[in-house]
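Engineer: What follows is each chain in one-letter form.
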Amino acid sequence: MEKLESALNEILKTGKGNSILLELDAELYFKTIIKAIKKLQKKGLSGIYVSTQRPFKNISSLLKKEGININKIIFIDVASAASKEAQEKCKGCVHISPELDVDELVEAIYNSAEKMKGKKFIFIDSITTFALYKPISESLRFSEFLISQVKGKKDIILILNVAKDLSQKKFIRDVVMRADKTIEIKD
Amino acid sequence: MIDTKKLKAELEDIPNDSIVLIETSAEKAMDVNLAVMKILTDKDYTGLIISASRPCKNLLVLYEKNSINTKKVMILCAVCKSQGGDAKNTERVIHLERISALTEMSISLNEAIKKTEGGKFVFIDSITTMLIYNKPNVFAIFIHSILTKMRMNMVSGLLISIENETNKDIRAEIAQLCDKVIKL
Amino acid sequence: MAQKDKLSVGGQYPQKSSSTVLQQKTGIRGLDETLNGGIPKYTLTLLAGTSGTGKTIFGFQWLFAGVKQGENGIYISMTEPLFMAVRNIESMEFYDRKVIEQEKLRLLDLKEILTYGKIDPHAILEYIEKQVKENNSKRLVIDSITAILYALNDKAKIIQFMFELKKLLGALGCTTILLSKVTEPKKYSVYDVEELVPDGVISLNTSIGENQIVRNLQVIKMRGIDFRSGAVIFDIYSSGILLYPKIPIDRSVATTKFKIRLSSGIKGVDALCDGGNDGFPQGHVIMVAGNTGSGKTTFGLHFLIDGLKKGERAIYIALEESSSQIKKTALEHGWDLEKYEKSGKLIFINPDLIDLNTDKLLYRILDAVNKINAKRVILDSISSLESATMNKIKVREFLIQFSGFMKTKGTTSMLTYLSEEAFGAESGQLIGSGSSSELRLSSIVDGIILLRYVERGQSVAKLLNILKMRGASHNKKIWQFEIGKNGVILGKIFKR
Chain A
1 MEKLESALNE
11 ILKTGKGNSI
21 LLELDAELYF
31 KTIIKAIKKL
41 QKKGLSGIYV
51 STQRPFKNIS
61 SLLKKEGINI
71 NKIIFIDVAS
81 AASKEAQEKC
91 KGCVHISPEL
101 DVDELVEAIY
111 NSAEKMKGKK
121 FIFIDSITTF
131 ALYKPISESL
141 RFSEFLISQV
151 KGKKDIILIL
161 NVAKDLSQKK
171 FIRDVVMRAD
181 KTIEIKD
Chain B
188 MIDTKKLKAE
198 LEDIPNDSIV
208 LIETSAEKAM
218 DVNLAVMKIL
228 TDKDYTGLII
238 SASRPCKNLL
248 VLYEKNSINT
258 KKVMILCAVC
268 KSQGGDAKNT
278 ERVIHLERIS
288 ALTEMSISLN
298 EAIKKTEGGK
308 FVFIDSITTM
318 LIYNKPNVFA
328 IFIHSILTKM
338 RMNMVSGLLI
348 SIENETNKDI
358 RAEIAQLCDK
368 VIKL
Chain C
372 MAQKDKLSVG
382 GQYPQKSSST
392 VLQQKTGIRG
402 LDETLNGGIP
412 KYTLTLLAGT
422 SGTGKTIFGF
432 QWLFAGVKQG
442 ENGIYISMTE
452 PLFMAVRNIE
462 SMEFYDRKVI
472 EQEKLRLLDL
482 KEILTYGKID
492 PHAILEYIEK
502 QVKENNSKRL
512 VIDSITAILY
522 ALNDKAKIIQ
532 FMFELKKLLG
542 ALGCTTILLS
552 KVTEPKKYSV
562 YDVEELVPDG
572 VISLNTSIGE
582 NQIVRNLQVI
592 KMRGIDFRSG
602 AVIFDIYSSG
612 ILLYPKIPID
622 RSVATTKFKI
632 RLSSGIKGVD
642 ALCDGGNDGF
652 PQGHVIMVAG
662 NTGSGKTTFG
672 LHFLIDGLKK
682 GERAIYIALE
692 ESSSQIKKTA
702 LEHGWDLEKY
712 EKSGKLIFIN
722 PDLIDLNTDK
732 LLYRILDAVN
742 KINAKRVILD
752 SISSLESATM
762 NKIKVREFLI
772 QFSGFMKTKG
782 TTSMLTYLSE
792 EAFGAESGQL
802 IGSGSSSELR
812 LSSIVDGIIL
822 LRYVERGQSV
832 AKLLNILKMR
842 GASHNKKIWQ
852 FEIGKNGVIL
862 GKIFKR
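These protein sequence lines map, in sequence, to chains A, B and C. Taking my numbering as reference, the numbering of the first sequence is continuous, increasing by one, and the terminal residue is 187. Taking my numbering as reference, the numbering of the second sequence is continuous, increasing by one, and the terminal residue is 371. Taking my numbering as reference, the numbering of the third sequence is continuous, increasing by one, and the terminal residue is 867.
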């Protein structure tokens, strides 16, 4: 976590290199994410959490239990859309349609970012789960948007996470997200 | 022999809608199955088992031998029909066409969850076996989909994976989706 | 099935000269044949074409084929966003997502380096070197080189950059294809110097046919190897690019087997072919020529059904009528072709006559023959092919290749031909037409059966005679025949 902390400090200071890829142990995945979000909130950032792995109900309650202020986070619930489950309207949550349309997702992120003032993060959890449902060209298109959103902007940090064991980890890092920094988190 | 105490302790504090991945060896897999079923049915949970490794009859006999309350068990059997065995649905058993019939599996599981009252958990035995019959990406989407539905319905789940025999990429993808990974 | 089995005749490519240059299989069907083995390794090739000619698909198909052969590759996009390049190939059968995710085929986007006219050629070369080494790439595609050259915008700098690139990649053991986007067909470059440096230049062109785009590929140069020059037709399918080069025939292998005979299926006609030996020699190409309604198609059907009943497999190329009409006609004579087709013993080829290309048709026929190991082929008719292509020279070339291939496969074929002047059988009348086109074709085929009409009182009778049967002592007389419910019935010798 120290590495993440120092990376965040540098980004917030210089405004440069503001896309980070976190490499996590698959077994400690969610625990590590919680720690990362806590760190971001401690730095005073509000955020957009694009959740492809867990539905809003689950992720918001888990984060809340861990002491994270979910009022400072807008959740984009991709997981419920992917499983084609009926979605209840919830405060602090944006739903997208079951087709997982990249344009719709991009619009949701953009609109959510516009609503937030001050420094913010966009947390994509996770691009590899999103890629299960979409062809590579759509993952690439999605990343083109994200990168254009954050590049050169001092008040926004893009964070993605990928499990260390995944063989497409390098592809995600170098080609899809072209992350400025890669941080391996062990604890 | 598995460390039943450790397993009991690990499963003790799992809240509703938690998903656990249990990694074990092929030799211990059946013991794990029996231990999990014993621990959770004793707590008055109903187990909804997706069985890809053993036929339902065999499972039910083993449960009875091990004093597991079979009234608290519902099996979605993916083995019998595909092997040409006797495959009549009963109150406790729903037969699926085959292990690769993931859509049917998902629908049957959904219905079983809605039908079952009280606390329940879903038990998948095993993801390693299911990966033999399904393309990795397709299977990952299936797992993601049913875990999401389980979470939305506050149903907890346990998945068995055989160590070193499961596709590394899919194992990582599934482990990410779980709240806990237990190695036995 | 190896490409050689499908395309080569006799299993050998006639080589003009021996070559010690190592060549890399392209994975593009027909291109390796055009290049007599593939693209030379470690070379730089310029692939030029206007928009929409298939350059990117070509590049990716080559890269994916390389991965299958254990050669990692890199695709560098200079202009389009990566997602657009990938999107265009995701529906292709050669596309494999895993290959990209595991970076056996690495995708790189360098367009940011080229924005606003800022370009450092050394930085680009260093970057490419790093990527090729890291990925251990043996194949590289740059899409497109034009974008870099626009940024350089100076002929001397362009030549220097290309020399450096060629030197670098050759030393790294990487074969490279540079895509060159040109605005005019028949041009290979924008600055007129790009084609000087590469070892090879391949041009992709399109023209508008009546019903579809007609594509062709031409190898302009390829140092170190013999290649087939001339435009080669190609198409883009979901399986990728397919070329249709001319098939070389090894005449030492393409011969008729005189000891093996195939029946015409018509009682009495076999004996006319070669007294004492029944039927057509295996591998022969028999032309049945005659006027409209003289019975050419029926002759073809007899030959076809005879083989099918004996358990042989056959191909029917229907150019005159649709395959459903042919089946109906056959049914009138009591021959059920549908059942043979359903069981896979008979394949109908029913090509669209608009924009028909003889090279493509030949490949279609060869693929079908190879697929079911057909022993009989009926082509109905050659005259339709001439009308469709409006090119008798191409039809002649087609027949030469067709004949050579069939002989090598041991397949016997029957072609029908609408002969306009075969009417009358007056004493002293020249037999056969004086038409030059028929004379050109008649020298290619091994046998000619002529069908004609003759007026007899108030009616018209049908006549046949065997004008030619290579290697056989055929009957020289003119015979009457009729077409009844059961097909052709041979009658008596015609008496004037």
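The set of hints was computed from the structure by calculation and includes no laboratory data. Heads up, a few of these hints could be off.
Straight-line Cα separation of at most 35 angstroms, DSBU-like style, residue types lysine-lysine; simulated pairs [as the list claims (entries may be wrong)]:
1) B:Lys301 to A:Lys3
2) B:Lys268 to A:Lys65
3) A:Lys64 to B:Lys268
4) A:Lys151 to C:Lys482
5) A:Lys3 to B:Lys268
6) B:Lys252 to A:Lys134
7) B:Lys275 to A:Lys65
8) B:Lys230 to A:Lys31
9) B:Lys302 to A:Lys35
10) A:Lys84 to B:Lys252
11) A:Lys169 to A:Lys134
12) B:Lys268 to A:Lys134
13) C:Lys526 to C:Lys558
14) A:Lys31 to B:Lys268
15) A:Lys91 to B:Lys193
Engineer: Taking each numbered hint in turn, which are not upheld by the structure, reported in ascending numerical order?
Structural biologist: Per hint list: 1, 2, 3, 5, 6, 7, 9, 10, 14, 15 violated.
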